[in-house]
Each structure stands twice: as C-alpha cells, then as structure tokens.
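S.K.: Generate coordinates for the entire structure from the input sequences, incorporating the hints supplied.
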Amino acid sequence: MFVLLGLVLFFTALNPHFFSVRNFARIAISATPALMVAVGVTFVILMGSIDLSMEGTIAVAAVMFALILNRLGGSVVGVGGLAIPGALVVGAALGAINGLIHVKLKIPSFMASLSLGFVGVGLSLLITGGDRILIDDPVFRSLLTVRFGGFPLMTYVALFCLVVAWFIQANTTIGRNFYAIGGGEELARGSGLNVGRLRIIAFVIAGVFYALGAILAVARLGIAETETGRNFMFVSITSVVVGGTALAGGSGGVWNTLIGVLIVNVIGNGMVVIGLPDYFQDGMLGLLVISAVYLSMDRRAFSFVK
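For the sequence shown, the numbering used here gives the first residue as 1, with consecutive numbering after it.
Each hint can be trusted.
Distance ranges between label pairs, derived from CB positions:
#1 L153 with K104: 39 to 47 angstroms
#2 I290 with L105: 26 to 34 angstroms
#3 G192 with G73: 44 to 52 angstroms
#4 M111 with P16: 42 to 50 angstroms
#5 G150 with G6: 17 to 25 angstroms
#6 R132 with G190: 49 to 57 angstroms
#7 L5 with M111: 35 to 43 angstroms
#8 L193 with L153: 38 to 46 angstroms
#9 M111 with R22: 38 to 46 angstroms
#10 G150 with A13: 18 to 26 angstroms
#11 V89 with A13: 45 to 53 angstroms
It is worth saying that the hints were derived from the structure and are not from the lab. Note that the structure is predicted; figures quoted are calculated from it, not measured. For glycine and all other residues, C-beta sits at the position ideal for the given N, C-alpha and C.
M.R.: Written out as structure tokens, the structure reads:
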C-alpha cells in the first residue's frame, strides 16, 4: 500500500494532471479486466502452482460471448443475456481441462497451462477465421459508458467480483484448503485433503474469473477477437507477485492482488503521463517483477514446476 501511495505522489509531483478523477478513471478502465484475470490466477498460485493459460482462455471466452450474444439478438437484455453465463461456462470448462491435464496426467502446471493457452488462442482463431466480432449493444457497452462518481460501471462490477473472490478465499473450506496446500502439500495430504481435486477446483475458479475478465475486456473495446487476451499473462502474474502473494504458495490473497494490479497500472499510466516510451515501460515492469520475486523469496524452490 505504501508503494502505491508513493507512486501516486511521485507521478503527481512530476505532472499534477496525474492526480485527477479523470486520470484515475483511465487507470480503473485499464485495470478492471486485468484485475479479474489476476484474481483468478491468485487462487492457483496460493497452492504453489501456476496457470499460464489465461490468454487462450480469455480469447475463447470473449469470442464465444460475442458469438452467442449476436446470435441471440445482439443485446444482453432478454435471451441474449445467456451469453454471460455461456462465457463463464466456457472459462470453467477450459479451467477444468487445464486442471485435469495437470492432475491426472501428472504434467507440471507450468507446461500444462502454457500448452492449453496456445490451444485456446488457436481455437479462437479457428472460430473467428481471424475476424473481429463487433458488439453494438448499448446496454452492454454501458459498462464502460455509464459512470458513477466519475468511474465506469465496469469498475463496480469488478469490485463486486473481487468481494466474491475474497469470500471464497477467506470464508469457505475450499479457500482455506488452498492455503493449506500452498503451505505444505505433503502435510495437506497427511491431513486427509484431496489435493488433486482441490487443484482442479482452483483451475476451474481461475477459468471463471478469466472469462469475467474477457467479458469486461470486450465491454471496454466493443470487439472480441483472438487478440483480446494478449498481454494478460504477463500483467496478471506481475500483479500477483508485486502484490505480495508468494509464488511458492501459502501466503497472500486477492486483496494483495488488487494492490498489485493498481501498482502495475499506476506505473504504466504514470509513465505515459510523463511521456516515457513504451519500451521503457516494459523494461520497468520487468525490473519490478525481478525485485518483487527476490524480496518475496523464502529460499524454497518455487513449486509451480510441479
């Protein structure tokens, strides 16, 4: 939190226009889809695993959402609203496949999820033929255009979903078991936990949040395409790590992820405001990840290779 406040003060000192509701709204619009994706992968990382399938899952979920919406009338009001649960089911299904490949075939989560991400990108390209799917529904686009207190409606939707994620994490047996697995898998097994089943559940939850991110990304841009999921892998993993959730698992959580997402997006926005080029921004984020990982290491080998 102090890092985030320090960054806000730093960029405000360089350019007073940074500290304005209008600019904070820009940050929120950029951060909202990324927050959903980062929250999803947080559940997996809490167990000491990793999920790199988000770009493919987002692409497929976004494309399927747009296709279902347009086929059912083009508006989320009425039967077209089925596109939302349809996209969530797609995300959950891909998450389940991801978890099953990892658990049942005993393929390390790193390789299983990365491979499924490539499959998802290819599948979305096959579905669309490389075309963009336009969304013209004014009700759906109101997630971006309608504002309360200067911030778009999609920001409040994301905050609600964040609270739901926190409830799962902190107030359900499944959420507490994720921490137990991350704290020590063998000990968790010895306590009678079905570690394999819990890992699959975590990947399913992650897939649902990736789909939520996909829906909000489509609301922001008004289009769905294969490129919808681009760059979310780096941004989401960076946000989780910077927020303080340990890659080794067992500590951190979704509120840490919120701080991490804000830090990453404040840095990106701040460097744009002060006029730094894109390549400099990417370099700074890379250094930020290295620093955050080093400072958070407890000298255990990271278990995301399992």
